[in-house]
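Number of protein chains: 2
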Amino acid sequence: MIEKDLVGLKNKVAELIIVRASGHATDSQREYPQWELTNLELRRCMEEGVGGVILFGGTTIELEHRTNLIQQWSNKPLLFCADVEEGIGQRFSGGTTLLPPMSVGQIYKNNPDDAIELAENYGRCIGRQAKICGLNWVLAPVCDINNNINNPVINVRAWGEDSLSVSVLAKAFQRGISSQKVLTCAKHFPGHGNTSVDSHLQLPIIDSELSLLKEFELIPFKDLIDEGVDSVMTGHLLLTNIDAYNPATLSFSLTTELLRNQLGFKGLVVTDALSMKAITKNYGIEKASIMAFAAGADLILMPSDVEKAIDAICQALISEKIPIQRLQESLERRTNALAKIGAKEFTDKKQQLIRSQLDLSVIEEKEDRRLVNELVKQSLVIRNPGPVEKVEEGVNLIRIDSIMPNSLLGNKSPSLFLPENFGYKTTIVHYFGISPWRNNSDEPLDLDRFQKGPIFLQIFMRGNPFKGTRDNQEPWVKAIQQLQKAQLLAGLVVYGNPYLWQKIIEVLHSSIPSAYTPGQIYEAQTKAISTLFGNNNSLISIKDNFFQAFTD
Amino acid sequence: MIEKDLVGLKNKVAELIIVRASGHATDSQREYPQWELTNLELRRCMEEGVGGVILFGGTTIELEHRTNLIQQWSNKPLLFCADVEEGIGQRFSGGTTLLPPMSVGQIYKNNPDDAIELAENYGRCIGRQAKICGLNWVLAPVCDINNNINNPVINVRAWGEDSLSVSVLAKAFQRGISSQKVLTCAKHFPGHGNTSVDSHLQLPIIDSELSLLKEFELIPFKDLIDEGVDSVMTGHLLLTNIDAYNPATLSFSLTTELLRNQLGFKGLVVTDALSMKAITKNYGIEKASIMAFAAGADLILMPSDVEKAIDAICQALISEKIPIQRLQESLERRTNALAKIGAKEFTDKKQQLIRSQLDLSVIEEKEDRRLVNELVKQSLVIRNPGPVEKVEEGVNLIRIDSIMPNSLLGNKSPSLFLPENFGYKTTIVHYFGISPWRNNSDEPLDLDRFQKGPIFLQIFMRGNPFKGTRDNQEPWVKAIQQLQKAQLLAGLVVYGNPYLWQKIIEVLHSSIPSAYTPGQIYEAQTKAISTLFGNNNSLISIKDNFFQAFTD
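Chain order of the listed sequences is L and C. In this text, residue positions in the first sequence follow this note's numbering: the first is 1, and each later residue adds one. In this text, residue positions in the second sequence follow this note's numbering: the first is 1001, and each later residue adds one.
What the hints contain is simulated information worked out from the structure, not anything from laboratory work. Among the clues, some could well be false.
[Claimed, not checked] Calculated lysine to aspartate or glutamate pairs in the EDC-like style (CA-CA distance at most 20 Å, straight line):
| no. | chain 1 | residue 1 | chain 2 | residue 2 |
| --- | --- | --- | --- | --- |
| 1 | L | K412 | C | E1209 |
| 2 | C | K1412 | L | E31 |
| 3 | C | K1366 | L | D27 |
| 4 | C | K1425 | L | D27 |
| 5 | L | K412 | C | D1448 |
| 6 | L | K452 | C | D1448 |
| 7 | L | K425 | C | E1474 |
| 8 | C | K1266 | C | D1311 |
| 9 | C | K1076 | C | E1329 |
| 10 | L | K340 | L | E329 |
| 11 | C | K1452 | L | D446 |
| 12 | L | K425 | L | D442 |
| 13 | L | K366 | C | E1041 |
| 14 | C | K1412 | L | D27 |
| 15 | C | K1366 | L | E41 |
Isolated chain L (complex conformation):
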């Protein structure tokens, strides 16, 4: 039963809060110190009863050490979650990084059976590796249907562009994770696919009628619920025809009436991060926390101020604005979820000690490697296999989002070293570099800024969060036309955004060696690049002077 004293109440309410922490061990290693608690703060949170941690950054070894340590700071079994939609390696070095879900969606179009098997293996890979590292809750699958090609934040994170493929693949993924006794999360309810706005930056507005949602966006959620998904994440999305004032995260109509009552969801409801601008721009943390809880959420993710969030909810319970039974229900749902994955083991200190002795150098199994290779192979689009011409002097022009940190490019990266072997010297353009553009909308590339010679162009672009519409402002289609006109386009690869690729092939001469892959990881680079340069041994020969550019 619920304690009536304030300390006891706070401890119970704290159990519903998920705080953000770095996966790194030390405070100085935190990548986003403004968002990630120090170890001292984190320990205090755990001692005050906070019930969950979402982790970002670090290595698998650190993560295992970290979850172990944080659990020791608490006297209750904790939820440890992470945004590892595309593999543990997406956030934690050492884990496997897969291709984005959209790669499976593309395979589904031609080989639905293969795709379903791949999606299940995809989930199993993430679930198994998550468990080794001490995570017990994976914030996936994404159940959004990406039906807006200008969607800046879902894009390749979606399993597809129609309700059937998303539903079928997300269910298969869910089976894979669940087989490893790790909790799952369908997100972002009621569907973030049909927006051209990133809720990290502002509140997306969706004006579909409920009846339309039921025929489209809600299908994957409903199917996942029927399949037994453990949690649903509500999104910062304003559904004007359902609740004209409050985003789904804070809306009783959406969370309780639609999700719980109409769709019959009995598991955990978790909000999307309350630290996101869609919320912080419009609500204080106290108000947002109370509203989310009152709306029907069980777990409050990343409140910008943990103390204030807890105190605000406590006050709402004491003043009976929110009935105390709501707290009891949420706590029960949390307990049930943990029981489902046998979380009692986590409270046994001896078990924890044994876990640390694992040889974590073998976190990736052979089947994971096969899965990566299969995803790469089956989702690669080769429009013209080349080979790209070897030249005396050319440019390997690479467009990336950010350089610091960037795990996609490094001294082992085929997109860098292979073209170097064929005479194309690497030049990387990125947000912090000298701009490649000039003020000429028809011929936007300032070619004087590059070395002379033909250009092998590689575009890494995939609607990353927080970037807003920045990507769309770069005139790559025009640039490609300009290069073709000047007979300077030696070849092209697009990594990530399928809609950019579609726009490009409308203008791209069929004579140009070119390829598209939904992935950006080394394996995707290797496959695309080695195909275009005529699959040969030079892939493994890396020039010494190339390595010198990296060594420090």
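With chain L fixed as given, assemble chain C onto it according to the hints.
Then chain C, alone, in the frame of chain L:
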């Protein structure tokens, strides 16, 4: 005694080999796969008796896990070493990164007592953190005297530019490390300071007479030996007046006659890495290994092929080209060194299990932080404190060596975000970016490639290995003259190379806010930048749109 059978002999010879491994847990995380063994290969080496590992890359948590795991693969106590001359953080994220030794050398000029205390604390910091991570041998102090301003590889790694300061500070450093029961290494015998060539790339030639060496280069080595340094690393340096044919690493005259007989060194002699080009360009690995061992080296560092190195030395012993007693002597020296630091603990599996339970989130102690701050404060040179003018539109122009990976710049880096707050938008120039240069030797910067407005210039340059003379080819002095002439230089910071700073101040107008620091780490950036921009609170206010450039 030495076994006569080949397997037994190989196992003994293997004990003298130090192989290179990544500090990361998994094979796919290796940063230099061409130089770092896979886990399978590494395990095999350990099972065959290899006696030591040099580790590069990873985090402190990973390193602790790693040394523990590798030790379990062996049946003898292992040497675990690393090039952590400037702090554990130099190689392993999570450890403290200090300022380069030259910062202490600069402090020594005015405050010798302070500098000596700092150097001892410097050693203690590295020794303590090394031990926590499972390292038992630190490849420092550098005993080279940097008396060549064009030295591309020693530079700020030296403790000073004269024999006295290097000697005094290296001794203090050695006391600090030894106090933590961690082995030390004086390098690079007989002195790498007076070269303008990097032995990673080619063999430096030094034509000093022995008598001159004794009056200068050898002094710090002799003093360290008298102080009880545990090991000496011989360098790939051709001393034409002592051994006209063989570099010190492979020279009996230098290793045995000079180092052992004349200087009386009784500890471990280790070669510099045999994988370096100074060696591989001129010798096969079999020949180099035999020669190094015959010359008097006890330990062979990073042979490019471990099996071949072991077999070659075995054959030389069997054929009695090298007397078997040499092997016995080297093994004894190794055993003695390990005994000195109580390495028996390492063979006790139970002890290892206990080590894993450490809370490694507190590897850095308060005294380490104080040391960093003191080094930063005392070595900072402010020529004109500014403040730098706030502008509507300016450029924060940053020159760095490499972008991938680069631990110096990130979303927390003051050199990036602080100038942004004052209107200077960051543009980074680096080896893989669009060049800032044009073909005009008097006005080499192509200003059309930058945004309009005044330029706040930050140069990160410090003679990193493998870069050869590349740094010197960049005409920064001319560029500064050009910017001054165009009245576009808003301010300047040089991080690292003191000789570049000296050249710059010869032309720099005294009216320009400017600073030099030997360090490149965040703390050095913070101090330099916050001073020039008028030490105020904006240091902690980071614009949201700035963070968006990083998040992915």
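A quick look at each hint next to the structure:
| no. | hint | result |
| --- | --- | --- |
| 1 | L/K412 with C/E1209 | 44 Å, violated |
| 2 | C/K1412 with L/E31 | 7 Å, holds |
| 3 | C/K1366 with L/D27 | 13 Å, holds |
| 4 | C/K1425 with L/D27 | 28 Å, violated |
| 5 | L/K412 with C/D1448 | 33 Å, violated |
| 6 | L/K452 with C/D1448 | 18 Å, holds |
| 7 | L/K425 with C/E1474 | 19 Å, holds |
| 8 | C/K1266 with C/D1311 | 26 Å, violated |
| 9 | C/K1076 with C/E1329 | 18 Å, holds |
| 10 | L/K340 with L/E329 | 16 Å, holds |
| 11 | C/K1452 with L/D446 | 17 Å, holds |
| 12 | L/K425 with L/D442 | 26 Å, violated |
| 13 | L/K366 with C/E1041 | 18 Å, holds |
| 14 | C/K1412 with L/D27 | 12 Å, holds |
| 15 | C/K1366 with L/E41 | 18 Å, holds |
Taken one by one, the earlier hints fail for this structure at numbers 1, 4, 5, 8 and 12, listed in ascending order.
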